[in-house]
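> Read off the chains here:
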Amino acid sequence: MTTKITQKSPIHNDIVGIGLRSPHINSFLKKTQKIGWLEVHSENYYAEGGPSIKNLKKIRENYPISLHCVGNSLGSFQKIDLNHLKKLKNLIETIDPVFVSDHISWGMIDNNHFNDLLPLPYNYKSLAAIADNVDAMQNFLKREILVENPSSYISFKNEEMDEADFINQLTKKTGCFLLLDVNNIFVSSSNNKNFKPHSYLKKLNKEIVKEIHLAGHSKSKIFDGKKNKTLLIDTHNNEVCKEVWNIYMTAIKNFGQIPTLIEWDQDIPELKVLLSEATKARKILQKNAKKNS
Amino acid sequence: MPKKIAEQNLLYLQREFTKHLIDRDEKDILKFLPYSKEESISRLNIYRNNVNGNFESVLSSTFEAVKTVVGEQCFKFLTTKYIKNYHSKSGNLDLYGEEFPILIRDNLAKHKLDYLEDLAKLEFLYHKSYFSKDAKNIFDLEKFKNLKPEKFYNLTFTIHPSCYFFSSNFSIYSIWKNNTKNKQKIVSGKKEKEFLLIDRSLDIPKITKLSHNQYLFLSLIAKKKKLYETYEAIYKKTNQDFDIGSFLNLFISSAILVDFTIN
Chain G
1 MTTKITQKSP IHNDIVGIGL RSPHINSFLK KTQKIGWLEV HSENYYAEGG
51 PSIKNLKKIR ENYPISLHCV GNSLGSFQKI DLNHLKKLKN LIETIDPVFV
101 SDHISWGMID NNHFNDLLPL PYNYKSLAAI ADNVDAMQNF LKREILVENP
151 SSYISFKNEE MDEADFINQL TKKTGCFLLL DVNNIFVSSS NNKNFKPHSY
201 LKKLNKEIVK EIHLAGHSKS KIFDGKKNKT LLIDTHNNEV CKEVWNIYMT
251 AIKNFGQIPT LIEWDQDIPE LKVLLSEATK ARKILQKNAK KNS
Chain Z
1001 MPKKIAEQNL LYLQREFTKH LIDRDEKDIL KFLPYSKEES ISRLNIYRNN
1051 VNGNFESVLS STFEAVKTVV GEQCFKFLTT KYIKNYHSKS GNLDLYGEEF
1101 PILIRDNLAK HKLDYLEDLA KLEFLYHKSY FSKDAKNIFD LEKFKNLKPE
1151 KFYNLTFTIH PSCYFFSSNF SIYSIWKNNT KNKQKIVSGK KEKEFLLIDR
1201 SLDIPKITKL SHNQYLFLSL IAKKKKLYET YEAIYKKTNQ DFDIGSFLNL
1251 FISSAILVDF TIN
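Respectively, the protein sequence lines represent chains G and Z.
Take 1 as the starting number for the first sequence in the working numbering and just add one per residue.
Take 1001 as the starting number for the second sequence in the working numbering and just add one per residue.
So that you can see chain G by itself, here it is in the shape it has in the complex (with noise of 0.2 Å):
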């Protein structure tokens, strides 16, 4: 059973926004910055003291700011580490965010942490184990999280469910709801061939969908034993491929106007190449608001 949520203030006007990362941080601190609201992972922010939270708090008097973690683990067997979870609720007393996030996917085991995003298996088993998990962090945090559906590389044998089945189980045994990191879909329905991202999407409950995510990726060859195989991978490195904001578009019209961000985390480019792919995403979010007026 979940704690009640008490909804954070929503974003207003410009629901687009960028993944806050260091290279920007002085940009952000020198003059305001065109953009609705910005993302940052949690754990860079779990120091005690320092200029990082300094330059956070002072960034946030100006942009509603949104805390996406990536070390809850909340698919591990083992329970979620309270110790981790408390860095995390000092953060949000401290920053107030509008949403607080993390992924389907775990990362610990027998205390041991591998400080990744590693698969599951879509099965009952580890249905439950994520759902304690997830009941575990709403209760503590008292607040509603997000999820993110996960880039993957593998499925596995004997799966009970598909991805969008087990979120939308997940969301209903919960009260979680979903960040729908699109260019994820991509990447796990082109390495596993497992679903179609527009029969995902269409599957996925309506009224689940909170926040978008949008990256770009690379390719990478492996070895199959016969030939040579493409999988891609969930690098953040590059612009959004077309294939990408293809699907942005029919989770737009699915979902409705939907508060969206742009991550770039390896080879960041200049803060206006962000903006640009911002601007982007914003066009396409005002062409179906016209369409739906």
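Please note that the accuracy of each hint is not assured.
List of simulated lysine-lysine pairs, BS3-like, C-alpha gap at most 30 Å [said to hold, decoys possible]:
1. Lys1133(Z) / Lys1225(Z)
2. Lys1128(Z) / Lys79(G)
3. Lys227(G) / Lys1133(Z)
4. Lys1181(Z) / Lys272(G)
5. Lys1209(Z) / Lys1223(Z)
6. Lys229(G) / Lys206(G)
7. Lys173(G) / Lys253(G)
8. Lys79(G) / Lys1089(Z)
9. Lys291(G) / Lys280(G)
10. Lys229(G) / Lys1027(Z)
11. Lys57(G) / Lys1112(Z)
12. Lys1081(Z) / Lys219(G)
13. Lys1084(Z) / Lys221(G)
14. Lys272(G) / Lys58(G)
15. Lys142(G) / Lys1089(Z)
16. Lys1037(Z) / Lys229(G)
17. Lys1206(Z) / Lys157(G)
18. Lys193(G) / Lys1031(Z)
19. Lys1112(Z) / Lys1191(Z)
20. Lys1209(Z) / Lys221(G)
21. Lys1084(Z) / Lys1027(Z)
22. Lys1089(Z) / Lys89(G)
23. Lys1027(Z) / Lys54(G)
24. Lys1128(Z) / Lys1089(Z)
25. Lys1209(Z) / Lys227(G)
26. Lys142(G) / Lys193(G)
27. Lys1206(Z) / Lys31(G)
28. Lys1112(Z) / Lys1206(Z)
29. Lys1236(Z) / Lys1224(Z)
30. Lys227(G) / Lys1037(Z)
31. Lys1136(Z) / Lys1177(Z)
32. Lys206(G) / Lys125(G)
33. Lys1136(Z) / Lys1084(Z)
34. Lys1133(Z) / Lys1181(Z)
35. Lys54(G) / Lys1209(Z)
36. Lys1133(Z) / Lys79(G)
37. Lys203(G) / Lys58(G)
38. Lys58(G) / Lys1133(Z)
39. Lys1181(Z) / Lys31(G)
40. Lys1121(Z) / Lys1136(Z)
Simulated from the structure, these hints should not be mistaken for laboratory data.
Since we're looking at a predicted model, the values are computed, not measured.
Given the coordinates of chain G, assemble chain Z onto it according to the supplied hints.
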């Protein structure tokens, strides 16, 4: 464990998955995957590369000078060994690498690079200082100046929480200074006792060379020793008189001492 139950068990799957990430010869995870052996291994390599890449990148940025001194290849050997033997204990990586100096000591002792363990320790303290607590400097200078002389003896002080003290038998400061910020000049580990203060009292972490007496003074003050106890302990140790007033001036003006208590 019977095969069917084992295969349905999430704990078992997650253990086997991580065993394979740590050691590619551990292959029980493959039975959970619907691919050929080669393809399963290739796909799992993506996760291994991500995990190792993250850890390597943290170690590289924390131990920049060590990396410059030993070179890319040796550093890669050390990080690979570290990742395999010292697991991360937190969902964030602020303190990842704490045991790296131990690994260096255990692996490079025979290479006559004795100073490397100290260099790694120093770099970790610098890193730790960056992440340490903030403190307001509430040192009331007027009140301090107007204290009656007899009150001084029993004063204790609060040191900025980002301060760490470090001593080495090597000229570790110049080695550090010459091997960070992309400088390539390698200095040999000359035997020369050094005393250092690492702090972030003015926001940016810095390392300062201290005299032996200054080092003793700050170390004792940090342990909440009273001013007279500090003076006596240093005098006993060094058998030298020294100007405690100049130490106070220096460390108050540089915001190392952020408060005092009259006992």
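> All the hints need checking, so say for each whether the structure fits it.
Structure-based check of all given hints:
no.	hint	result
1	Lys1133(Z) / Lys1225(Z)	holds (22 Å)
2	Lys1128(Z) / Lys79(G)	holds (28 Å)
3	Lys227(G) / Lys1133(Z)	violated (54 Å)
4	Lys1181(Z) / Lys272(G)	holds (27 Å)
5	Lys1209(Z) / Lys1223(Z)	holds (20 Å)
6	Lys229(G) / Lys206(G)	violated (34 Å)
7	Lys173(G) / Lys253(G)	holds (26 Å)
8	Lys79(G) / Lys1089(Z)	holds (14 Å)
9	Lys291(G) / Lys280(G)	holds (17 Å)
10	Lys229(G) / Lys1027(Z)	holds (22 Å)
11	Lys57(G) / Lys1112(Z)	violated (47 Å)
12	Lys1081(Z) / Lys219(G)	holds (29 Å)
13	Lys1084(Z) / Lys221(G)	holds (26 Å)
14	Lys272(G) / Lys58(G)	holds (21 Å)
15	Lys142(G) / Lys1089(Z)	holds (26 Å)
16	Lys1037(Z) / Lys229(G)	holds (14 Å)
17	Lys1206(Z) / Lys157(G)	violated (53 Å)
18	Lys193(G) / Lys1031(Z)	holds (20 Å)
19	Lys1112(Z) / Lys1191(Z)	holds (12 Å)
20	Lys1209(Z) / Lys221(G)	violated (51 Å)
21	Lys1084(Z) / Lys1027(Z)	holds (16 Å)
22	Lys1089(Z) / Lys89(G)	holds (19 Å)
23	Lys1027(Z) / Lys54(G)	violated (46 Å)
24	Lys1128(Z) / Lys1089(Z)	holds (16 Å)
25	Lys1209(Z) / Lys227(G)	violated (60 Å)
26	Lys142(G) / Lys193(G)	violated (38 Å)
27	Lys1206(Z) / Lys31(G)	holds (28 Å)
28	Lys1112(Z) / Lys1206(Z)	holds (28 Å)
29	Lys1236(Z) / Lys1224(Z)	holds (18 Å)
30	Lys227(G) / Lys1037(Z)	holds (13 Å)
31	Lys1136(Z) / Lys1177(Z)	holds (29 Å)
32	Lys206(G) / Lys125(G)	holds (25 Å)
33	Lys1136(Z) / Lys1084(Z)	violated (41 Å)
34	Lys1133(Z) / Lys1181(Z)	holds (25 Å)
35	Lys54(G) / Lys1209(Z)	holds (28 Å)
36	Lys1133(Z) / Lys79(G)	holds (29 Å)
37	Lys203(G) / Lys58(G)	violated (41 Å)
38	Lys58(G) / Lys1133(Z)	holds (18 Å)
39	Lys1181(Z) / Lys31(G)	holds (28 Å)
40	Lys1121(Z) / Lys1136(Z)	holds (27 Å)
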